[in-house]
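Student: For the protein sequence lines, the chains are F, L and Y, in the order given. The numbering used here puts the first sequence at residues 1 to 102. The numbering used here puts the second sequence at residues 1 to 173. The numbering used here puts the third sequence at residues 1 to 621.
Hints are supplied without guarantee of correctness; some may be wrong.
Which bits of chain F does chain L cover? Going by a derived footprint, with three or more residues having C-beta under 8 angstroms, they are [unchecked claim]:
1) 15–29
2) 35–45
3) 55–64
4) 68–80
5) 84–96
If you are wondering where the hints come from, they were derived from the structure by calculation, not from laboratory data. No residue lacks a Cβ here, since even glycine has one placed at the ideal position from N, Cα and C.
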Amino acid sequence: MNMLASYLTLAAVLFCIGLYGVITKRNAIIVLLSVELMLNAVNLNLIAFAKYGVQPSITGQIFSLFTMTVAAAEAAVGVAILVAVYRSRASVNVDEFDELRR
Amino acid sequence: MSFNIDWTGEFIAFFALAVCAIVGAVMALNFTKVVHMALSLAFTFVSLAGLYVVLDAEFVAFVQVLLYVGAVTILMIFGIMMTKHQDEGQEAARPLLETLAAIGCLCLLAILIFAIRDADFPDPAGSLPADTTREIGKLLFARMAIPFELVSVLLTVAFIGAVALAKREEEPK
Amino acid sequence: MSSLAEYAWLVPVFPAAAFAVLTAMGRGAGRGGAWIGTLASLASLVLSLMLAGQRLSGTAVEYSNHFDWIRAGGFTLSLGYEVTNLTVLMLVVVSLVSFLVNLYSHGYMKDDERISTFFAYVALFSSSMLGLVLSYNLLTMYIFWELVGVCSFLLVGFYFRKPEAKAAAKKAFIVTRIGDIGLLIAILLLFWYMPNHSLDFTEIHNVFGTQTGVISMGITTLIALLIFLGAVGKSGQFPLHVWLPDAMEGPTPISALIHAATMVAAGVFLVTRTFDIFEASQAAMTTVAVIGAFTAIFAATIGLAQNDIKRILAYSTVSQLGYMMLALGVGSETGAMFHLFTHAFFKALLFLGAGSVIHAVHTQDIREMGGLGRKMKITAGTFGIGALALSGIPPFAGFWSKDAVLAAALEANPIYFIVGVIAAFFTALYMARLFFLVFAGSPRGASHAHESPAVMTVPLLVLAVLAVIAGFVQTPFSEWFGEWLFPGAEEEHASVLVIVVSIVAGLLGIYLGWLIYAKGSVRRDVVSSRMPGLVRLLERKYYVDELYDLVFVRPLGGLGKLLNVIDDYVVDGAVRVVGQSASAIGRLNTRLQSGQLQTYALTALIGLVILALAIAGRRFW
């Protein structure tokens, strides 16, 4: 069996676990971390293709570096928003954030 | 799943690290305390860094440890400390949401695995350069200079924004 | 000198311009505005008289002019005007009566604050009637025909604060509408069947008069009857006569205008204009004659039992229009137009006289009048002349024209003649009753009556003179009028029998009226005491209104209510169900719009899975 398929399968599993966490977890921080997990699953795919793809290339790794940078920015902004919201609402539970409804 | 696997070193390493990653992720969903969850995910990130090493991406693995384990997770833990938390499961569960989410995720997983197994991956026509870190450096500062700079600008903006958002003290009301 | 006929189109334009000016000025025009209308009608009159003078000199040729209104493919709809002896005669009659009515209204409507509105309507009315008369094809005529209908609606409902006037205006409009639809269908049929889709009167004359067989017999009869339906509506013939007496709710000068010259004459004029179609169909001719004769006697008998001075005159108008239709039905165009011509003068005279009386005593009930002859000498004298003319006593105008009609009727069918004579007898009787009750005897009720001002009596005098002399244009001894109007048409020669019988009938009616209502030697209740049912029947106008109410109005009202219920519960119900289901779906959807990000994410996930399954599933079909 091809190693690539194993990596892809692992990435899919991680992605789905992250997705499940995003949908079901109440705590906003865990939701953010689950998003990071999903991004990592994607990174794993990129790096796996960089080695086992039809045209092995370093570009996949560079792309994953960019992804990581964006993810870091996202995490920083996310936590900042979380802290700001916490100040006004005294809660970090996602199910209490229903501003979109109004 | 077929088990006609040749037990190479790479595969053993992959297998161990994959188990670690999945266990970390699953545990993260099962813990009740938020800090435990965060740490458990950090464990997953470390495992992924190991996998990157296996995949000849030493530099990315290094960045992974530095960024995710060192920065993001710590940032999250700081976030946890700055806010007050109830443990998961203390409030009323949302069985419908959880059931549907589980079904949806399993279906998606099934589709993905089916697609992966169904796809035909030809053997790679070549191999990565021996010293990937050097190559990444060359590429980043030559061909990829403009995206690199753009990303750095993005990062700066994001951090300034984060500071501006989080810094605001209670204004007298 | 270019022919004056080229400027004939100005005749209706004068009053139309007056209407536009008066409407633009609004209520501020006041009494000055009234003179604008009068001057415009005077201008029309002068131009009409000049046209008539040119035609009487015998040098003028028939002139017509038109322009294309709508040109689509092979069709052209054109509008235009035509000057012939017939149209010029009608022009003179209409503009003369309209001018006199205008003059008279200065006195009659003096105290009305909407006097300028009134004159604006009168101007529009005259303008549309003059336009109708001048029309060169049926389409132009139809446009003016409808305008006349609108004006009658406006004028009958002039006192719109009075509920009866409002009801009468609506009735006039709706009842004539039935006829108008007939006319419209007739025009459409003509358009369909005529060669080249021509609606010109000349072309109609050519097709139906000379080249018979172009249009089949059945269609000809149908068209003729539909045109006649339009005439029946406008001219107040049975069974669409009901609006005409009710139209008395309008101001009296308007009654004179409607009854003498404009609206009701339009029906007769229409039939005369399209007479070739009628002549081509014997069935249509018989229908016209029968309806005319029946209306003549039917309305005359109702006139016997009415007590409202204007209603009596209204029924006499209906009856006289019956005469005209009878004349047309037996093929005497000359008789019809002659009677229309003389009737216009003496009926305008009678209405204006009645208006003068009403102006003096402020009531319309003849039982409350009496002895007015001494106080209102001019009115009484001129009214008497009008009554004698209507009763058909020589040498007044009505005698000659009625004689012409009766002579034609005798030649066609003695039954028509007998009916006509009986109607003439009744006419004389109710006119005698009216005259003696109003002007003779001792005053009952109003005693402060006085003669009307000169502006009202002068038109009366003018019309009285015309009522005396107008008949001499066509006597059994000189048939100049018929020759001039319809050259070449064969005319029945009056016989001594007709003259004697009609004089006897008229005198007998007057004598009987004198016996009953002036001398008192025959008791008034001689009929009502023996046959109360008959009198009631006449007083209630043969229950025609009640019958219509029962047969048409109530079922239609019920149908309307039923439709209303259906509308309320079925149509509106369906709309409401749609609306409520939409809002119910909306309410359901607001529950999806919980604002919960995770729910949204879940929905997106499920959607993605379904999409992927659907796409993947296609591979296994």
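Student: None of the hints should be skipped; say for each whether it holds.
Tutor: Cross-check of the supplied hints:
| no. | hint | in the structure |
| --- | --- | --- |
| 1 | 15–29 | holds (count 13) |
| 2 | 35–45 | holds (count 5) |
| 3 | 55–64 | holds (count 8) |
| 4 | 68–80 | holds (count 12) |
| 5 | 84–96 | holds (count 7) |
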